[in-house]
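Protein chains: 2
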Amino acid sequence: MAAYSVHGDLIWTESAGEFRTMEGGYLTVDGGKIISVSQDRPSCPVIDMAGKLVIPGLSDLHLHAPQYAFAGLYMDEELLEWLEKHTFPEEAKYGDMEYADKAYSILADDLRRGATTRVSVFGTIHTDSVLLLMKKLEEAGLSGYAGKVNMDRNSPDILREETEESIRETERFLRAAASFREIRPIITPRFIPSCSDELMEALGRIVLRDSLPVQTHLDENLSEVEWVRELCPFSSSYADAYKHFHMLGETPAIMAHCVWPVESEMEMMREGGVFVAHAPSSNTNLASGIAPVRKFMEKGIHVGLATDVAGGSSLSMFQMIHDAVSVSKLRWRLVDSSEKPLLFSEAFYLASKGGGAFFGRTGSFEPGYDADIVVIDDSRCRTVLHDQLSPAERLEFYTYRHPDEFVTAKFVKGRRLF
Amino acid sequence: MAAYSVHGDLIWTESAGEFRTMEGGYLTVDGGKIISVSQDRPSCPVIDMAGKLVIPGLSDLHLHAPQYAFAGLYMDEELLEWLEKHTFPEEAKYGDMEYADKAYSILADDLRRGATTRVSVFGTIHTDSVLLLMKKLEEAGLSGYAGKVNMDRNSPDILREETEESIRETERFLRAAASFREIRPIITPRFIPSCSDELMEALGRIVLRDSLPVQTHLDENLSEVEWVRELCPFSSSYADAYKHFHMLGETPAIMAHCVWPVESEMEMMREGGVFVAHAPSSNTNLASGIAPVRKFMEKGIHVGLATDVAGGSSLSMFQMIHDAVSVSKLRWRLVDSSEKPLLFSEAFYLASKGGGAFFGRTGSFEPGYDADIVVIDDSRCRTVLHDQLSPAERLEFYTYRHPDEFVTAKFVKGRRLF
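Just so you know, the sequences run in chain order A and B. Quick note: to get our numbering, add 344 to the position in the first sequence (first position is 1). Quick note: to get our numbering, add 344 to the position in the second sequence (first position is 1).
Only true hints are included.
Intra- or inter-copy, both count: the list cannot distinguish identical chains.
Dumping the calculated DSSO-like pairs for lysine-lysine here, alpha-carbon to alpha-carbon at most 30 Å:
| hint | residue 1 | residue 2 |
| --- | --- | --- |
| 1 | K684 | K639 |
| 2 | K479 | K446 |
| 3 | K684 | K643 |
| 4 | K684 | K429 |
| 5 | K429 | K639 |
| 6 | K396 | K377 |
Read the hints as simulated data drawn from the structure, not as lab findings.
Given these sequences and hints, build the entire structure.
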């Protein structure tokens, strides 16, 4: 790929809480990587985005592809009821490839048009429709992971695999998924309550054998935590149960939610380099609670943001930045006044470089980072103050007022999508 | 105004928690009032909105017009700091009529295009710019109240009136405001900390003399509540201080926020028929807390929703419905498990008929109600499930996914705005 430079008002974070900005800067890309950020016009071709905001691509660490169809529906229910009544019946439909094609086309198209460049996605138990999902995401220009979901217990008949079948299909999924370059496979046990010990043991062996990453759910809801305690008497905690099955800390892992972790679990996550997928919108919609993100950050645990569609009703990472700040304020006010609210710049960091670290080097404009770039025409944000705002203020205004509107150009690993 | 009928998928609430719906119904209007809802085509001209959602207009019980310019900015701060550093300096600019004209034009235009039909608005201390605001809102086709703000203490020099001047300007405001038909004047002491006892006494006399409604702030933030306790040693509570000055319960009143009310204040509000303007987004953004809305409803206190721009960053009442549901879930989970979360249908009621009651008969499709009607083309909401959804599900989906997009027609008191 030949070198080029994107000219505009650059803004990014290299550490939590501190914006780096360059108005009228040149962001130079070569071979799909960021080469430099400079005020001087380089000799390579320039893509003129003058006056527009240029930010790193954002990473969505956790979403359920088959649930996008009903994101924003059935919000009057709590997690376990919501799963039984709506989520499982809807997911069962994805055995039908025609249905999956229709639904995943909409998801891939909406993801393409937004500011998300990296994703870690749950499919369903249906191997072929997960492979179709991977194809759609890759064709949409996104990068990341997708998983065939495993579930062989505590699930309705229409969505429960036999243990052997679940293992066999996982192997078939891994073989077939090897043909994709940008969307790679990830081991995806739904959560402990849906997977028998035998299945978890088999998946753990596959994880170790192929050094595969893992994504699952942890400590989302108090009833769920209590349930896992009953299901896994051999473990000292929910996280410890995953560790027991080699799914926490031995290979890269994303644990979604972590709303109710105990100290020993946080220590385990820190040691294992586990990524917390913080899903503020979902944790609110499903009345799960508010995750102690400030604590995670202080302890040095990796944190990224996640829409958790359809627990979260929005596909927008800007909305997640807004929501992460919002719920941190309520946690500070109502739960623990020692946990300072997240600053906007901190939440932006989590959505870009923080969560991006799961995928390698993405989410920042530092040299050597993948050229994941999003251009926003915020001149369309209407306020009399517009001309007086700094890039950081423009980004905040945009985030709160027009999440995921006005995305005018997008690059993933240097390749321009539109 | 001649009779006509709007044909579409009608949905409204007559009581909290229960949707009334009629797919392919006819909503007939005569003389600016709802006449009937029927499945039968009437003889009058029909406005064909087949397949679209037809809902009552929504009421925003509390917003600050001069703050719209920075709604979505400076969200890293708490109430009192945010007022000093950003809000007061910005409001001071509205002495400049040219600036006010530019800013209020944007606000009026954005309100016009959304689903809000009734508003109760704070201006600034500047009489002439408040009159300009009233003109803009009236020209935009909205109905409701606007107030010249009073503040003669604990405010920066650029935004503090002399006591006499504040009273004199209030009288001038009331005389001039009499020329407007749809946007009427409302007495608007900013809040107790900004108004001396002498000013409050004078305003109270005007309220009683002219039987004027009142809007102000109550129990928003713990530091503010403590401050009022010090400022008003003669009162038993913050609400009691307003009552002392004849501003609570003697004429119609809107009290914004009420996040931290004590029992005696709730009793006072109920007795006085006071409206709580519940502003969930603002109370979150400014880390104020979560108001006990379920308690208000159980006690029979009037509740409506409010954007509280710019404490709230969005002008959308759909977003407020979403946020009201959201924060009620967190309150239930984290604060008081006896207060059940709001259902979507309950929050919709608060935004329509609940808050609308402050303005008379609006926010429902019952005969005799003002014909405040909003038409939404939700066919543009993309989901494979679209054709299977009930009107209530479509409204929820729209509220969570596309707040205030796709408003294709709007009527206020029977007059079509677009």
